[in-house]
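Asks: Please construct the entire structure, taking both the sequences and the accompanying hints into account.
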Amino acid sequence: MAEPSKLSRTIHPAHQLRRSVDTSRMQLSASEQQMLFEEAERVVSETLVTNELFIACDRKLPATSWVHVSGKDNLNVYQARMGTTFNWDGAESTSLYNQTMPASVAVGDLPMYIATEVIAGTIEDVAFGALAHTERLWRHRDAQVNDLHCDGRILTALHLPTPQDPFRSLVLKWSKKCVGPLSRVQDYIYIEANGIAFDAHSERFTYHLVHSSDTLCHLAGLQDVEHERGNISTCCISRQHDQGVVEVFWRGVAASERSFYTDVLESYFTPETFVSCGYIVECSYIKKLVWLMHKKRLLNQRNLESSLVTSSPDSTHCGDCGTHYLGYSSLVAPWLPCQACRNVTCHECSIIKALPLEVSSTEVKNKPVAFCRRCVTEANEIDAHEVAITMFQTQHS
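With the first letter of the sequence shown counted as 1, position 147 gets the number 147 in this note's numbering; the numbers rise by one all the way through.
Under the rule of at most 16 Å between Cα atoms (straight-line distance), these lysine to aspartate or glutamate pairs were calculated in the EDC-like manner: (1) Lys365 / Asp142; (2) Lys295 / Asp383; (3) Lys295 / Glu378; (4) Lys296 / Glu378; (5) Lys295 / Glu386; (6) Lys365 / Glu135.
Since the hints were made in silico from the structure, they are not lab data.
Replies: Printed below as a string of structure tokens:
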């Protein structure tokens, strides 16, 4: 897992790559929009069935059909064995787990991958962290999980979050990625869907879908391809496994029009690519921390203007542990004010977070910001649903 300590993550200088599609906002007909809605619902439903089967089988995959690729911490990655692949026509598989394989994702026999992981957090945090229905949120999220694209555009938004359903979105995206040891450029067109729903047992789950479809390539402006176009279909189902613990179930395939690139993409789907699922929750924590910082700053400013605050924060004692400030200690590790509550904290209680304070079309620049432990803990425990609604109302006020 790549450490999120890099303070500047460059997406790519976009002018170095020629556009292969018309990246202006697209106007889809009602029938085309309905087709994409149905496609997203179908793949999510199919993955949900597979996930329920996995749970019913005591969370085990048959060794005759699946090989355990790797296990790391709470992450396990499996690849379908030869003979359990699915082809373009969606022919029947010898494994029950493959019976709902998306038939439109790519040409030729494709191995399916399944990954399972247990992470700390809530499904609301997973849904909030995965939201990327604007280019700013998209770049922020992908920089956080270290899933960087050469270039990318949101072609059109079919459904955006609302106050009643702040986690649900469906957008059509185009992106370029450099894959393989030769850094070959792959072009992708796909729908991305996020949200929280209920299964047949009235249990809540979070879904995150990235799915290419044959139909997308026939839409106006998407036919011309200057380089290899890849296809991908991945769907992630997350459930609340226990209090503060989320169980993640991931299923997907990827392929290119040429077998060479298909091999490259298969090697690209390594255990390291799945580890980023855990960073989705961290992305939610960062969003909530930024929200809390602005909220407390605004409150402090209002208190100052109304003369409710007549004194500055105590700079002689740590706001967290109460340690007395010694002047010479600043020469070794200076005490820093929390950028949310403004209380001064010692170097042991101060937590430095890299916040995406500068997000452009080609670059995400994270800046180190100091917080006290209390504010970081408070931000982590805030209901992501509440923050998502508040942010939506602020953006549309």
